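If you're matching them up, the sequences are chains A and B in order. Just so it is clear: in the first sequence, position 732 is 732 by this note's numbering, and no numbers are missing. Going from the second sequence to this note's numbering is simple: count from 1 and add 1000.
Calculated cross-link-like contacts (lysine-lysine; reagent style DSBU-like; alpha-carbon spacing at most 35 Å):
1. 113/A to 1023/B
2. 421/A to 290/A
3. 1023/B to 1125/B
4. 212/A to 149/A
5. 224/A to 256/A
6. 62/A to 1010/B
7. 49/A to 256/A
8. 149/A to 224/A
9. 75/A to 224/A
10. 113/A to 1022/B
11. 62/A to 1023/B
12. 75/A to 49/A
13. 212/A to 62/A
14. 1010/B to 256/A
15. 149/A to 386/A
16. 588/A to 75/A
17. 163/A to 149/A
18. 1010/B to 113/A
Source of the hints: derived by calculation from the structure; they are not laboratory data. Just so it is clear, the structure is predicted and the values come from calculations on it, not from any experiment.
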Amino acid sequence: MTVRHIVGASVPRKEGWDKVTGAARYVDDMVLPGMLYGATVRSTIARGKIKKITFGPGIAWKEYVVVSAKDIPGKNCIALILDDQPCLAADSVNHPEEPILLLAHADRHKLRKAVDAVAIEYEPLPPVHTIEESEQKSTIIWGADNTFKNFLVEKGDVDAVWKEAAHVVEGEYFTGAQEQLYIENNGMIAAYDAEHGVTVWGSLQCPYYVHKALMTLFALSEEKVRVVQMETGGAFGGKEEYPSMIAGHAALLAMKSGRPVKIIYDRTEDMVATTKRHPSRTRHRTAVSKDGKILGGEIEFAIDGGAYATLSSVVLSRGTIHAGGPYYWPSVRIRTKAVATNSPPHGAFRGFGAPQSLFAMERHMDRIAQVVGISPIEIRRRNFLKPGKTTTTEQTIRENIDLHHLLDRALELSNYAAKKKRFEEENKTATRKKGIGIAAFLHGAGFTGSGERYLNSLVGVEATADGSVRVLVSSAEFGQGTNTVLCQITAEALGLPYESVAIAQPDTTVVPNSGPTVASRTAMIVGKLVQSAAQGIKQALTKTDLLSDDYTPQQFRDACREYIATHGALKSLARYEAPADVFWDDEKYRGEAYAAFAWAVYVAEVTVDLTTYSVTVDDFVALQEVGKVINPVLAAGQITGGVAQGIGFTLYEKVVWQNGCMMNNQMTNYIMPTSVDLPPIRVFFEELGNVHGAHGAKGIGELPMDGPAPAILNAIEDATGVRFCAIPLLPEDLLDALGSESPELDVSSLARGSP
Amino acid sequence: MSPPLEKAAKCEVSFIVNGEAKKVLAHPMERLLDVLRNDLGLTGAKEGCGEGECGSCSVLLDGMLVNSCLIPVAQANGASIVTIEGMSAHDLMKPLQEAFLECGGAQCGICTPGMILAAVHLLEKKPEPALADIQEGLAGNLCRCTGYMQIFEAVTRAARQRAAQ
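Please model the complete structure; the sequences and the hints are all you need to start from.
This is the structure:
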C-alpha cells in the first residue's frame, strides 16, 4: 500500500493523450455505413399558426426523407420538466427557428437548398419579446399569465425595517443573453431498428435526460433506448437539454428512412436555434443602518425564459437562492419569476441563474457603500455571513468559513490598497482611467433544495479478473475533468495506481443513472458515491478474506481473480442518501438549499480608455474556498476558463435580437475573448473541506462565472465614476454614457440591447 | 449544413498529405477541411465556425498555418499539407503534447489539434517566445475552456524544454 495521495495530485487528464494527438472521437468524426445526413426546417417568424407547407420546385423530393410531427410515434414533446416544448411544431410556432420539418439525404450538399425550398405560410400572431412586455400580460403567449414559475422567499419582517432605516438604497440591474459557444457544435447520430429500438451517439452532458426524452417521444421502454456520449467538445450547460431535441430529430429520420442519420449543426444554426443564458432584470430596495448594516430588503428577480418552460424554473430557483449574496439579511423578501417571450428557450449555462442575481447583488453593494459613505470593502465586511448566521432561506452556516480572511487575502494578492491610491492620483490627469473592483460571492454545489433527493443517483465501480478497475457513471466528460477526478477518487479509495483505474464511456446500456452532469455536482456528489462504491469493492475482497487491510496492487489483482472465479463478477453500487441534517421545504422555499457552498472574492483591475471607449482587464485575482482540491491543475483550469467566460459575458458577448431572433449568430460578430484579450488570471484556493463531498470536495465548475461581471463593473465605476448597471457593456455603451455630460444618466437601458 | 455544390463538376486534385501523395475526386470548391475529414479520414482537424474565426480546422499548407475551412480544395492542388495526424515525428510535438497534458492546456480537446499546430508553427519561427509572442501566435485559435492561461504555460514550457535539449 505505497500509492497514496492521488487525490490532491495533478495527475494527467485521463483522455488527454487522445486529445493532444487528435485521436479523440467526437460525434462528427463518426461515420456509419449507409448513413444519411439530416437537416431541420425552422420557423421564420416568432409566433403564429402554420397554414400551409409547400415543397417548392427544383428539388428531387423523392430522394429526401421528410419527417413532420405526424411521424412521431409517442408524445410530441421534449420530456424534461413540464413537457411543453414540442419536438416538431405541428400547428403553431412560438419562436423563430422552431423546428417544423426534418429532411435527410445521402448527400450533405443537397440539404441546404432543399431546406430553403420548403415554403411555410403562417398566420402571424402578436409576439412578446421582453420581460416587460411579457409581464404586462396584454398578450398571453404561455399558460394563463406568461409565467413559467414564481418563487417567494420571506425571512423576518421586512415591512417593519423601512422606518428604522437610515438609508433606503434602490437599484435596477440587467444582464443579457450569452451564448455558451462550446467550440464543438451540437450533433447527433441515430440508428433505429424494430428489435433494438433507438440508439443515439452524440455530444451531450446528460445521457439519461436524452434517454428519458427519447422514451417519451417514441413511446419505447427503457431498454429500447440507448444513449451513448461521444467525446464532447465543450458544453457549459449548452448541451444539457437541447441535445434531447437533436437526438429526437435524428432518431425520427432514422426510423422513417431505416438508415442511420447524422445531424451536425453548423455554427450559425447552433447559435441561432439552441439555448443561451437567460437575460435578467433584478431590482433591489435595501434598508441600511447608519453604519452600513443591511437591515432588510426586497429583491425582485425576473428572467426571460423564451418560448417554452424547459429548465427556466430551476434556473430561477438557483438565481433566487443566490440573490442575497454572501451576506446576512435579518429580513428579506425575494420575489422572482421566469416569464415567457417568443424567442428560442433560454437554458442552462454555467452558473444557472446565479451569475445574474449575484451581478445585481454585488453592484448593489457598491451602491450601498456610496450612499452610506464607506468603502466597498467596509460595506462587505459589515454584512458578511459567518458561521451560525442564516442565509436568506434560513440555512444556518455550519462550516467554518471566514469571509473576512478571504477578503483580506484577496486584497493582499491584488495589492488593492496601493493600487486604489495610485489610480486615484493618476486618474486626475490620465485619459486612460484605471480602476479596481471586487466581488464577494458564494455558489451552492449540487442540485438545489430537494433536487439530489429526487435524482437518487446510482453509481458503480467494477473490477475485472486482471485487477483493472472501471468506474460506471453517467456523468459526462466535456473538458471539466470528470474522467480524471472520478478515477483519482477511485484509485485513492482502493490504494491503486491512477493508471489502473478506467472510466466507462457513458452508455445507458452500461452505466447506471448517476444524474446529469450539471450544477457543480460531479466531484462533490457523484465523487462521494464513487468513493463509497470503490470502498465496497475493497470490503467485498476483505470480507471474503481474499485481501488483508494492507495490500499491494499485485495482491489486489490476485484477490480480484479469485473473487471473480468464485462469484462471477465483482461490482459495487452506491446510491445517494440524503444527509440527515439537510432539510428543504419546497413549499416555503426555506431550509438547506445546498449541502455546501463554495465561497470566493474576486478582484478586477481595469483600464477605461476615454479615446477609444474600450475597457481592458489588466489583472484578475480569483481567490476561492472550494473544499478539497482534487486535482489542482484541472481545478485552476476551471477557474481560468470560467473567469474568461465571465469577462466575455461582461465586456464582449452581446446577443443582438430582432423579433426574438439572434441576428449576430456567427463567431465573426459575436465576439468571445481571444488569447490577446485576457489579463493574467491568477487563481488561488483555500481548502476548508466539506463533509458532504468526496475527500472534502465542493463544486467548482460554475463558481468562477459569478464574480467577474460585478468585479469588472465595480472597477469601471471606480475608474470613471459612472454607475453602469447592465451587461454586456460594450465600447458603444461607454461612449453613449461617458460622451454625455451627465454622469447620473440612467445608462441601464443603453446596454441592454433591444430584444 | 454544407454548402450546395452539386452543380460544379468534380475534378481530380493531387497533393501530398502527411508526406504521402494523394489523389481525390472532389468539387473544386469543396472545403479542404471536408476533403481531409470525409475523403481521407483525417478527423483531427475540426469544424468550429466554418468561417475562419476559430482555428479548430488549422492545418499546415506548404508550411503556412491555414484554416482548412477557408481553402477550396482546388487551391490545394500540388500543395503539401500536414494535419495533426502527420505531426507525430516532428521534434516539437512530444514536448508540446506533454506540456499540454502537464499544464492543463487541453480541456474539452476540440481546439487542441489546431492549437498545437499553431504552437508548432509559432515555435518554428520563434523558438523562445515571450508571452506576447505566444498570445499573438495563438490569436487565431479560440479556446472556450481554458481562458488560454494553461495553454500559454504549456507553450512556454515546451519551448524551454526544447531549448534545454
